[in-house]
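Visitor: Okay, here's what each chain looks like letter by letter:
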Amino acid sequence: KAGVTQTPRYLIKTRGQQVTLSCSPISGHRSVSWYQQTPGQGLQFLFEYFSETQRNKGNFPGRFSGRQFSNSRSEMNVSTLELGDSALYLCASSRGLAGSDTQYFGPGTRLTVL
Amino acid sequence: GENVEQHPSTLSVQEGDSAVIKCTYSDSASNYFPWYKQELGKGPQLIIDIRSNVGEKKDQRIAVTLNKTAKHFSLHITETQPEDSAVYFCAAIKGLLNSASGGSNYKLTFGKGTLLTVNP
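Chain order of the listed sequences is X and W.
According to this note's numbering, the first sequence holds residues 9 to 122 in order.
According to this note's numbering, the second sequence holds residues 4 to 123 in order.
Same shape as in the complex, but just chain X (with noise of 0.2 Å):
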């Protein structure tokens, strides 16, 4: 069975400009939720989508969004990037809720912002 995959596995942006990332859950997976981590504040829970449908989310400003298709690829978006966006980028899928359910985590997409 895949594990959970994540595109671009790097990338390079400059401050302002926006970026998009994508996550493929496991096969069978609904729950597909999104984290950043960086060397100063860990990993921080962004928000998770379950069923095309936002479910949760963390203590991430409005340039942070998300969204997930009816095959539960999920993709996140950040617009008006900053310095300090620079970052881990992990999704994690799971077959129930993140709350009630084990996740799985993909390789990430690192983000460097310039």
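No wet-lab data here; the hints were simulated from the structure.
Quick caveat, the model's predicted, so the values are computed rather than measured.
For each residue, glycine too, the CB sits at the ideal point set by N, CA and C.
Dumping the calculated DSS-like pairs for lysine-lysine here, alpha-carbon to alpha-carbon at most 25 Å: (1) W:K115 / W:K45; (2) W:K115 / W:K25; (3) X:K65 / W:K40; (4) W:K25 / W:K97; (5) W:K71 / W:K40; (6) X:K21 / W:K45; (7) W:K61 / W:K40; (8) W:K40 / W:K74; (9) W:K115 / W:K60; (10) W:K60 / W:K110; (11) W:K45 / X:K65; (12) W:K115 / W:K97; (13) W:K97 / X:K65; (14) W:K71 / W:K61; (15) W:K97 / W:K60; (16) X:K65 / W:K115; (17) W:K110 / X:K65; (18) W:K40 / W:K97.
Facing chain X, a subset of chain W residues (Cβ under 10 Å, in silico): (19) G4; (20) Q9; (21) P37; (22) G46; (23) Q48; (24) L49; (25) D52; (26) F92; (27) A94; (28) G98; (29) Y109; (30) L111; (31) T112; (32) G116.
Listing some non-contacts, in silico: residues in chain W with all C-beta distances to chain X over 12 Å: (33) S15; (34) K25; (35) L69; (36) H79.
Let chain X serve as the given structure and place chain W on it in line with the hints.
Guide: Showing chain W alone in chain X's frame:
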């Protein structure tokens, strides 16, 4: 909100020794505590978890203990091997699954991680 403190931030042990990583949490409503292992260039992988109605759980060389009164939980790795070298994260989750509406209201907070190095 929930605050999860993880110690130590780095840990170096000799192969064959035991390693212990501790986490404390602030919200007594937290009821699920997973541990993740993250190797270089990879995403975190769940290695063991424990729920608040259990005091200890063991899986081969890995065990987790939970003290609800003191609000802390620990990861124990025995007979460490070089391949155990990685960053380990604890997490605390408090959740209310509202199955009637199909929604959920839970909070997931991670510790800052422990870099474990096992020296051959």
